[in-house]
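Novice: Each chain is listed here by its residues.
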Amino acid sequence: MREIDRRSKYDRRMFLKGAAATAPAVAIATSTGLGITDAWADDAKTLSPAQMKTLLKMARDIYPHDFLGDSYYITAVKPWDDKAAKDPALKALISDGVARLDQEANDRHKVPYVQVAWENDRVALLQKIEPSAFFQKIRGDLVVSLYNQKEVWPRFGYEGSSAEHGGYIKRGFADIDWLPKA
Amino acid sequence: MAKFDLNDSGVVVIVGSGAGGGTLGNELAQKGVKVVILEAGPRIENQDFINDEWDSFSQLAWSDMRTTSGSWRVAHDFPSVPAWIVKAVGGSTVHWAGASLRFDEHEFKIKSAYGGIPGANLIDWPITLAEMEPWYAKAEDKMGVTRTNGIPGLPGNNNFKVMEAGARKLGYKEVHTGRMAINSEPRDGRGSCQQIGFCFQGCKSGAKWSTLYTEIPKGEATGNLEVRPGSMVIKIEHDQSGKVTGVVYADASGAMQRQKARVVAVAGNSIESPRLLLNSASSMFPDGLANSSGQVGRNYMRHMTGSVYATFEKSVHMYRGTTMAGIIRDEARNDPKRGFVGGYEMETLSLGLPFMAAFLNPGAWGRSFTSAMEGYPRMAGMWLVGEDMPQETNRVTLDPKIKDKFGMPVASVHFDDHPNDVAMRDHAYKQGAAVYEAVGATVTYPTPPYPSTHNMGTNRMSEKPRDGVCNKFGQTHDIKNLFISDGSQFTSGAACNPTLTIVSLAIRQADHIAGAMQRKEI
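Going down the list, the sequences are from chains F and X. For the first sequence, position 99 (counting from the first letter as 1) is numbered 99 according to our numbering, and the numbering increases by one without interruption. For the second sequence, position 80 (counting from the first letter as 1) is numbered 262 according to our numbering, and the numbering increases by one without interruption.
Derived from the structure by calculation, the hints contain no laboratory data. All of these numbers come straight from a predicted model, not from anything done at the bench. In this text, a Cβ means the ideal position worked out from N, Cα and C, and glycines have one as well. Mixed in with the good hints, there may be bad ones.
[Unchecked claim] Label-pair distances were calculated between CB atoms; the ranges are:
#1 F/Asp82 / X/Met247: 22 to 32 angstroms
#2 F/Pro180 / X/Gly697: 49 to 59 angstroms
#3 F/Arg171 / X/Arg369: 20 to 30 angstroms
#4 F/Ser132 / X/Arg648: 28 to 38 angstroms
#5 F/Asp5 / X/Gly622: 18 to 28 angstroms
#6 X/Arg369 / F/Ala92: 22 to 32 angstroms
#7 X/Val625 / F/Ser132: 36 to 46 angstroms
#8 X/Ser240 / F/Asp87: 53 to 63 angstroms
#9 F/Lys45 / X/Ser253: 56 to 66 angstroms
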């Protein structure tokens, strides 16, 4: 069978303060060899860096895929900053939602959400706020903004658009080789 | 290409250009009848289709506001998207899977076959399979359905091979790559299937039959058919004698136009068609056009559906190749011993990663969900599609509050599963899982229904005017020059995919309309 190369072309994708907004942060980061820092969150204009980092942690906890680096989740959460700038109601929803989540974390663990050490404990906090409009908005957006990234698809063994490659008629539409004889 | 005057009262106006409207338009044009098709959506040719699920959804799907209610899970998960259908020239034949099956004999007479089912509003169709057979044959030839007319079946893809191997182990007998209106070899000026996948996103190669590039250009070539894209019909008008006289529609610029007509045929899919009749209420017809029975909008059917996805130890890559070229038909029979009447088909189905995330278990999150997603390349999938019970209370009505941009009330879709639907789904989930477990599935996922792709029954045919909206030719009982030409005329839904029957009825209806026009009956 023709298997998919799951190695990421984006493993070394990194985010530098200030660069992402205008230019190929990826290229710069790759060429300088720097690792991912928290700088990406400092680019946020409407939401605070702390709120952005909470959203990132939430994103990882809602859809945890350990083989995906933070860069994919950052790509998924960053648009909320722009959206919040254009939509005061969304800004309030996120700000209030993050505050409540931190409150729940503080009540139970004496630290804000991002500092709760175990995923299971953070998931329990998310379950408490699951019915809220905040959680539903975050989850509903994420299921698209994470899984609809073309860079994510090969990591899951999905090949995306096929017509320009002539379809699969010569590329393994019927190449399964492990089934018992019918 | 024809261009007819707005004041030409000799034309047949067809609302919608899909399986019903597009076919009817071409058939009438071939017979020399002048036809104007008003299509709400744009004309998008197949080279412009997109192999990307969300981008394609934005390009093709009917996303105008609708509301929902009822206990079906779609109302909870996708409250403004009760149906996944297309707003473009070609209608839902742009995104349909191509499965083209005939009804069984008993499925035309469900009242006789099933008897009294509490809560269900059963009647027999006013036509029989024997009457439909010649029309089915014409439709299969027109559409180039595989395994008919000497056309070979499509080759099976990986997803089919998994299903087939499991089905054989379970002892199922009728298992093959389907009767598909997708060319397995070049035919009718179109090439053969390139196994692209993305059948639901519009077939870029044109191997799959769609009215967009078969019926419509053929009709246009006669000089008798004009298609006006971007034309949303708002209201059907009538005179003092109660005959319809034309339609008011918003053109592509949003300006209101009035097209006169000798005959109006409604083919806007089972949600928009009853909406249009209801929105056309007048002092003479206060409950909407053709609604003396009170049945307009009622008996909404959307098929018992569900999916089973299964994960294996090794790769499947189910998304490669024709999406639905694979079927197990053994459960399609009516065998009440299983605990329900009617039957269901099991058909191969795959989703790309983005739609799998959205539809595998809507709303789910956390490790159980992401573990399932990580099995994606090792997944096989099938769709379960079976007959659902018509119920009077499953219904398309006008939303009391929400209006569209033209000020017309939007459609509100109410649906509750009938106990028979639930029993059938439970059975189908078990059998679907068993098929995959027979060949080593490590996990199976009983996946809930998607927004409805098969919408049927809301202007149903009936022998007696009090039981339904139209007669055996789709002609409304109340208004002789008003016709129903889409799946909304279905009296029952049957187990199988509806398009072949819609097309067959449209061919038959064209014969009837042309004859009646010639005889000056309409």
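Novice: Does each hint hold? Answer for all of them.
Specialist: Cross-check of the supplied hints:
1. In this structure the supplied range 22 to 32 angstroms holds for F/Asp82 paired with X/Met247, their Cβ-Cβ distance being about 25 angstroms.
2. The given range of 49 to 59 angstroms is respected by F/Pro180 and X/Gly697, whose C-beta atoms sit roughly 56 angstroms from each other.
3. The hinted window of 20 to 30 angstroms between F/Arg171 and X/Arg369 holds, with their beta carbons roughly 24 angstroms apart.
4. Separation of F/Ser132 from X/Arg648 is about 50 angstroms and departs from the stated range, judged on CB atoms against 28 to 38 angstroms.
5. A beta carbon spacing of about 25 angstroms between F/Asp5 and X/Gly622 agrees with the range 18 to 28 angstroms that was offered as a hint.
6. At roughly 59 angstroms, the beta carbons of X/Arg369 and F/Ala92 sit outside the given window of 22 to 32 angstroms.
7. Separated by about 30 angstroms at the C-beta atoms, X/Val625 and F/Ser132 break the suggested range of 36 to 46 angstroms.
8. In this structure the supplied range 53 to 63 angstroms is violated for X/Ser240 paired with F/Asp87, their Cβ-Cβ distance being about 20 angstroms.
9. Between F/Lys45 and X/Ser253 the CB atoms are about 44 angstroms apart, so this pair departs from the stated range of 56 to 66 angstroms.
Of the numbered hints listed earlier, those contradicted by the structure are 4, 6, 7, 8 and 9.
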